[in-house]
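A.B. asks: Given these sequences and hints, build the entire structure.
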Amino acid sequence: MSAPATLKATSRTMVIDGNEAAAWGAALSRPDVVAVYPITPQSSLVEYLAKFIAEGKMDAELMDVEGEHSVLSVLHGACLAGGRTYSATSAQGLAYMFEPYFRTPGLRLPMVVSLVTRDSVTPCCVWGGQQDAMTVKEVGWIQMYCETQQEICDSIPIAYKVAEHADVMLPVNVCHDGNYLSYGVARVDLPEQEVVDAFLGEKNVNWHACLDPERPMAVDPLTGGAGGIGPSTFVRYRKGQCAGMAAALDVIVAAHEDWGRRTGRYWSPLIEDYRMEDAEVALVTIGSMTGAAKDAVDDARLDGRKVGLVKIKTFRPFPAKVIAKALSKVKAVGVVDRAVNFGWNCGPVFQEVLAALYANPTRVPLISFIGGLAGADITPEHFGRAIADTVRVAAGETMSSPIWLNEFDQ
Amino acid sequence: MHEVRIHGRGGQGAVMASGILAAALVGEGRHVMAIPAFGFERRGAPVVAFLRFDDREIRRVTNIYAPDTVIVIDPTVARSVDVFAGMKPGGTLVQSTKKAAADMVLPSHLARVALCDAVGIAMAIFKRPITNTIMLGAFARATGLVGIDSLVAALEATDFRDAGLKQNIEAVRRGFDETIITQLAAHAA
Amino acid sequence: MTRNAPDNLCPIAVNLSEMLTGDWRAMRPVVDRDRCVKCATCWLYCPVQCITEKPTWFDVNLATCKGCGICATECPHRAITMVEETED
Amino acid sequence: CPSGALEWGGAGSIYNRFGEMEDMFVPGLAGCQGCNSELIMRHVMRRVGRNSVLATPPGCIPGMGSVGYNGKTGTKVPVFHPLLTNTASMLAGIRRYYDKVGRKDIVVMALAGDGGTVDCGFHAVSGAAERGEKILYVCVDNEGYMNTGMQRSGATPYGSWTSTTPVGDKLKGKTQDAKNMPMIMVAHRAAYVATASTAYMEELYDKLDRAIEASFKGFSYLHIYSPCPTGWRVASNKVIEACRMSVESNFVTLWEYTPEAGLRFTRSPDRPIPVVDYARTIGKYRHLDADQLAHIQAKVDEQVALLKRLAGEVATAPAALAAAPARTST
Chain A
1 MSAPATLKAT SRTMVIDGNE AAAWGAALSR PDVVAVYPIT PQSSLVEYLA
51 KFIAEGKMDA ELMDVEGEHS VLSVLHGACL AGGRTYSATS AQGLAYMFEP
101 YFRTPGLRLP MVVSLVTRDS VTPCCVWGGQ QDAMTVKEVG WIQMYCETQQ
151 EICDSIPIAY KVAEHADVML PVNVCHDGNY LSYGVARVDL PEQEVVDAFL
201 GEKNVNWHAC LDPERPMAVD PLTGGAGGIG PSTFVRYRKG QCAGMAAALD
251 VIVAAHEDWG RRTGRYWSPL IEDYRMEDAE VALVTIGSMT GAAKDAVDDA
301 RLDGRKVGLV KIKTFRPFPA KVIAKALSKV KAVGVVDRAV NFGWNCGPVF
351 QEVLAALYAN PTRVPLISFI GGLAGADITP EHFGRAIADT VRVAAGETMS
401 SPIWLNEFDQ
Chain B
411 MHEVRIHGRG GQGAVMASGI LAAALVGEGR HVMAIPAFGF ERRGAPVVAF
461 LRFDDREIRR VTNIYAPDTV IVIDPTVARS VDVFAGMKPG GTLVQSTKKA
511 AADMVLPSHL ARVALCDAVG IAMAIFKRPI TNTIMLGAFA RATGLVGIDS
561 LVAALEATDF RDAGLKQNIE AVRRGFDETI ITQLAAHAA
Chain C
600 MTRNAPDNLC PIAVNLSEML TGDWRAMRPV VDRDRCVKCA TCWLYCPVQC
650 ITEKPTWFDV NLATCKGCGI CATECPHRAI TMVEETED
Chain D
688 CPSGALEWGG AGSIYNRFGE MEDMFVPGLA GCQGCNSELI MRHVMRRVGR
738 NSVLATPPGC IPGMGSVGYN GKTGTKVPVF HPLLTNTASM LAGIRRYYDK
788 VGRKDIVVMA LAGDGGTVDC GFHAVSGAAE RGEKILYVCV DNEGYMNTGM
838 QRSGATPYGS WTSTTPVGDK LKGKTQDAKN MPMIMVAHRA AYVATASTAY
888 MEELYDKLDR AIEASFKGFS YLHIYSPCPT GWRVASNKVI EACRMSVESN
938 FVTLWEYTPE AGLRFTRSPD RPIPVVDYAR TIGKYRHLDA DQLAHIQAKV
988 DEQVALLKRL AGEVATAPAA LAAAPARTST
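Protein chains in written order, with this note's numbering: chain A, 1 to 410; chain B, 411 to 599; chain C, 600 to 687; chain D, 688 to 1017.
Hints were generated in silico from the structure; no laboratory data involved.
Be a bit skeptical, because a hint or two may be false.
Unchecked claim - Mimicking DSS-like on lysine-lysine, the simulated pairs with C-alpha atoms at most 27 Å apart in a straight line are:
1) A/203 - D/791
2) D/866 - D/986
3) A/203 - D/787
4) B/537 - B/509
5) D/787 - A/57
6) D/986 - D/857
7) D/759 - A/239
8) B/537 - B/576
9) A/51 - D/787
10) D/763 - C/653
11) A/57 - D/791
12) A/137 - A/239
13) A/306 - A/325
14) A/331 - A/306
15) D/859 - D/986
16) D/904 - D/763
17) A/51 - B/576
18) A/137 - A/325
19) A/57 - B/576
20) D/904 - A/51
C.D. replies: See the structure below:
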């Protein structure tokens, strides 16, 4: 999405950081229950929520509980009772939340939780990185990664629209990079409340499973073991979860399209192509690193190199088909990650892109770049190096990978 | 694109100043990206904040390594931090100090210095050395890149925990009025 | 709650279990109607709540009685004895 | 009494009041023969009734089929498995939402084992109590993880055999005392805290009345001791007898607390029988030697002394304050 050259500020214009943008996105979505617990670099986000509720800007029940495990647990209860729910977490908080976190998609609870992404200990570190979010990519939550503060604000209502869609009914993590987006300040135009209300429509989050004396039922009865109908029952629900994930791809596209029609802001729902028409090599990026990468692509284009870029917005479900198509004509791909896939000794996004490209008839070389760990800055110069390496790989050179972009930063 | 780096100490509001400046620039139709350097902002420890603005969309969400302007809101932080690091030739220094330009050791590629006794003004207004908004006035005076009215409008939209709006408006105006600009010889053309 | 949930969403159950535990017993309580004064002690302590009230005595619902023997032990009037279940 | 005369007495009066009320569980629950937890569940929910939401965290209570099995439920009210660790939190979320939408008359409650309460679910119970979440939390204390094969929990008493505190040449049962959860709840100044035993059912019903009422005002905690015939090595028919002796020996004390009235005994702890008489009836204590028994007796005496001080202080404090002359510091 590109913005006009100059923008007139309006009464809905704010100049805020990503955490506040997320809090506004949440407030505009009118959750009934919000649970909070602080963790760097998410803390100011929950402070904003508490402030909004204290000031009456947000009519939600504020549950300031004793830890992330309970943050998600109180939301499970509230959601099963019929409430729309929101929270945010990061890194160690996400790790502590894992037990109810794993359960959320199985219960098909359509909640939205912002992940303010951060590197996880150890080594001890409180700075940005995407290791937390990437570590939970197999758990069954939808994951969308934002590039700008405005996109954070807009993506939260979009996430509710996706989560609560009858064909999906899955929880969504709206991810934004710790530090660079969480604390970075930029212009955000708040959508009008009526626009968000009309976009989200009627709320109905527990039609499928509820804890209500007016409709008594057992939620999550024990599934029997081998030698009975237990395992086949279990498979039916697991397949249902997969079907929800698969259905989410189209729902995500439609929700972004709908949002664009109402607000004029058309965010790329699954992936964004940048200068890919005639590109011979491509970078793949995710999150807030993308802007600097686009600047580097422009610089390379000025030098006569045909470089393009594919940004991933939706990482779960993985949009394998559109990625395979977008990268079907290049001669080499460089994937830039802000996290590590330990088992494969590469970046996790790299591993996913590699798998997606197996569908293409032509085999192209891929190279894994890992940067931005522990809050490191991935500058246009770093991306320039990644482009140069990818061009060399396209020309037939072999290169050992991963390449750690900040390895020699001082 | 114009890039600004703000140096201060934890508790002095360097990060808040970058947010206020960002809001003022947005009010003038600019595109802005302001990022604090990430540290533990303990009271007294050196702090850095970055801000870039442009008439075109800004895409990079990165730190600033070659600032056009450096704002130093604390008179002594330059003892422990190289405030001129990476500065572009022809750049501007906006410094809180009681000194005159002639008494300062400045890098040769600097084009302009704007000096303001921000602590003196702050003690008069706040009874405490809070210099951040004063130095925004100094920046406006030194560069002409933001209007004083826009700064005042941005202040009006800011939540101040420790000081009043009126005091801060006075601070930004006095910072603007009481800043002394010196064009350095090498670049005086 | 505007639609029926498909059976591959969240595991839920709305129908009651029909399991009965009467076949767990090795010993069966037998009530001496003459001794029973309807004090309800057996009812009070029966874990499966299988004691049923009759006109002049309390009896046992053998469809669910597990044969724990608490009723016989607790009966203050020794009106209940545990007897061995027959094999057929 | 609808038909025929009932002997007047404790059991009869409860039957008259609650006999006609609906058993909220299916007739067939797979609790062990003589299961005291099943007895507690059925009586508690008979009193609570249909306008409730029930959490049964992993353990014997759902294990016997209350949340159901293979697509059938064992309970007539909305029931769910929370995680072992998050019962009080899930309930708090349910309550807050219903309060927000004006449905304030629903009893939001747990029937939870001791493991999920005093061990890994403790943070959630403590947090909910600290915040004064309006829920009824019933802890069914069978002194260990009986459902998974009798492992020790923080509520397992000193000396007890469990499958993880076995008896051998080097170790002879649990070497630490039980965590006193009801007292911890008192320290949280919960809206209501009480202990109860199924041997004293009238009292249990009275406490339930007060606990339910308190659960609309704040965190309401009822701790019910529940001997496990299987895990404790007690004959199925002797379970109520075990309950009775645990109370008569002061191994279990019966009391209740509110922040307003303080702590009071609901059954006098005076003239107890020796703890050894109780321990001899319980198979898991069969191995205890004289020193271990003396340790248990000493802990029981210490506990009663502490409770008496608390009960006495609260009872006399207002009068004492009124009577005391005004003092100035010197």
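A.B. asks: A separate judgement is required for each hint: does it hold in the structure or not?
C.D. replies: Evaluated hints:
| no. | hint | result |
| --- | --- | --- |
| 1 | A/203 - D/791 | holds, 21 Å |
| 2 | D/866 - D/986 | holds, 12 Å |
| 3 | A/203 - D/787 | holds, 15 Å |
| 4 | B/537 - B/509 | holds, 21 Å |
| 5 | D/787 - A/57 | holds, 16 Å |
| 6 | D/986 - D/857 | holds, 23 Å |
| 7 | D/759 - A/239 | holds, 21 Å |
| 8 | B/537 - B/576 | holds, 14 Å |
| 9 | A/51 - D/787 | holds, 19 Å |
| 10 | D/763 - C/653 | holds, 26 Å |
| 11 | A/57 - D/791 | holds, 24 Å |
| 12 | A/137 - A/239 | holds, 17 Å |
| 13 | A/306 - A/325 | holds, 18 Å |
| 14 | A/331 - A/306 | holds, 11 Å |
| 15 | D/859 - D/986 | holds, 18 Å |
| 16 | D/904 - D/763 | holds, 25 Å |
| 17 | A/51 - B/576 | holds, 23 Å |
| 18 | A/137 - A/325 | holds, 23 Å |
| 19 | A/57 - B/576 | holds, 25 Å |
| 20 | D/904 - A/51 | holds, 26 Å |
In terms of the numbered hints stated before, the structure departs from none.
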